[in-house]
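Chemist: Sequence:
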Amino acid sequence: MRWPWRRRAESPPGEARTISFQQVWGSGADQRLTAVTSMDTALTLVPVFAATRLLSDSVASLPLQTFRQVGDVRMPITDPALIRDPTQYGTVYDWVHRAMTSLTLRGNAYGLITVVGGNGGPSQIEWLHPDDVEILHDRTDERPQWFFRGRPLDASLLVHIPGYTLPGRVLGLSPIMAYRTTIETGIYAQSFGRDWFQNGSTPAAILTSENRLEQADAKALKQRFRAAAEAREPVVMGGGLEYTPISVPAEESQFLATLKMNATQIASIYGIPPQMMGGEVGKSLTYSTVEQDSLNFVRHTLRPWLVKLETAISGLLASPHFVKFNVDSIIRADLLSRYQAHHLALADGWMSRDEVRALEDRPPLPNGEGSSFTPPVPATSQPTAQPATAPGGTL
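If you read the sequence shown in my numbering, its first letter stands for residue 1, the second for the next number, and so on.
One or more hints might be untrue.
So the derived label-pair ranges between C-beta atoms look like this [said to hold, decoys possible]:
{"hint": "1", "residue 1": "178", "residue 2": "53", "range": "13 to 23 Å"}
{"hint": "2", "residue 1": "214", "residue 2": "134", "range": "46 to 56 Å"}
{"hint": "3", "residue 1": "70", "residue 2": "118", "range": "17 to 27 Å"}
{"hint": "4", "residue 1": "360", "residue 2": "177", "range": "45 to 55 Å"}
In short, the hints are calculated from the structure, not lab data. These numbers come from a predicted model, not from an experiment. We put the CB at the ideal spot given by N, CA and C, even for glycine.
Required output: the full structure, derived from the provided sequences and hints.
Modeler: The structure is reproduced here in structure tokens:
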């Protein structure tokens with residue numbers, strides 16, 4: 001097949017008779033605008049925003065609880081100041097959300113200790129924008145030097161949580177920079193779709209003239225053509241100009257396939273099931289329940305992030321105190337399954353009625369009636385089935 005734009009290569013040397021569709025409509029996205037150089041640029045891509053929002057929202061919405069380790073037993077205690085009011089700018093949700101946003105986008109979370117409690121531990125920590133923090137000697141065999149907006153930063157006041165870590169490195173690997181090409185491809189596809197509809201879904205085309213066109217004439221023709229087309233007005237062409245459309249449907253240009261593939265790739269980068277953010281799952285996907293999907297999401301996607309944050313925050317508390325995220329709100333079973341589990345807990349005697357009621361957000365029974373434990377119910381033997389008989393003999 002001979003594509004229309006090949007005419008340009010077939011013209012005699014020194015002559016310019018054709019104005020290509022790139023010259024009329026432009027060649028697509030401006031690379032200066034789509035190059036991933038900052039977190040804000042990366043967030044303009046829908047799958048990146050969806051992935052980081054899903055992770056940050058999911059982790060930040062989980063209750064953060066404090067415990068005290070006593071031998072092999074962990075006892076819940078009152079939350080210290082760092083957990084009750086960790087920031088001057090928002091709530092605990094906002095505080096955890098900022099840390100997760102930094103980790104998912106830049107691979108590192110940097111916190112500045114702004115208030116120290118009476119026990120010498122931090123009471124408030126403000127997360128810094130990761131692009132404002134720099135490190136000198138990003139190697140574990142040397143003592144790192146930290147800088148905030150070009151000024152030296154006291155390492156004793158810095159809380160650093162790296163994400164994906166490499167041997168011998170202090171900083172975590174930034175997903176945005178590591179997969180810059182993948183993200184930029186998605187932004188190009190988004191820009192293509194915008195231009196497609198912005199131009200009224202007008203197919204790409206070429207303008208061909210029988211006469212030689214000077215640069216000034218070609219520029220004027222392009223401007224006239226674009227102005228008329230964008231205004232939805234008839235285009236009047238003279239001087240032997242010929243308009244040749246190049247009909248390439250969006251499906252054939254791989255526009256839709258590229259968007260879906262890009263969403264699947266970004267979901268894989270963050271370990272998120274592709275179907276949760278508009279990607280494509282494999283054909284071997286088996287039937288699963290909503291509860292099982294939630295359990296898999298917590299186990300395979302959220303758990304590594306939760307452990308990383310729990311370990312870092314626990315290290316800021318006085319020993320033997322530590323924190324844990326409560327994931328029950330995500331993997332909460334359906335009503336019937338919960339009631340069956342409560343019944344078994346009461347029958348086996350390892351939960352009281354008040355504890356079960358607390359799980360269902362109900363108040364304790366009056367006068368302490370629900371605080372006692374019910375003795376386990378012994379298993380009853382099932383009656384042995386007897387063969388059926390009928391008058392006159394056995395069936």
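Chemist: Could you tell me which of the hints above the structure violates, numbers in ascending order?
Modeler: Nothing - there is no hint that the structure violates, so all of them hold.
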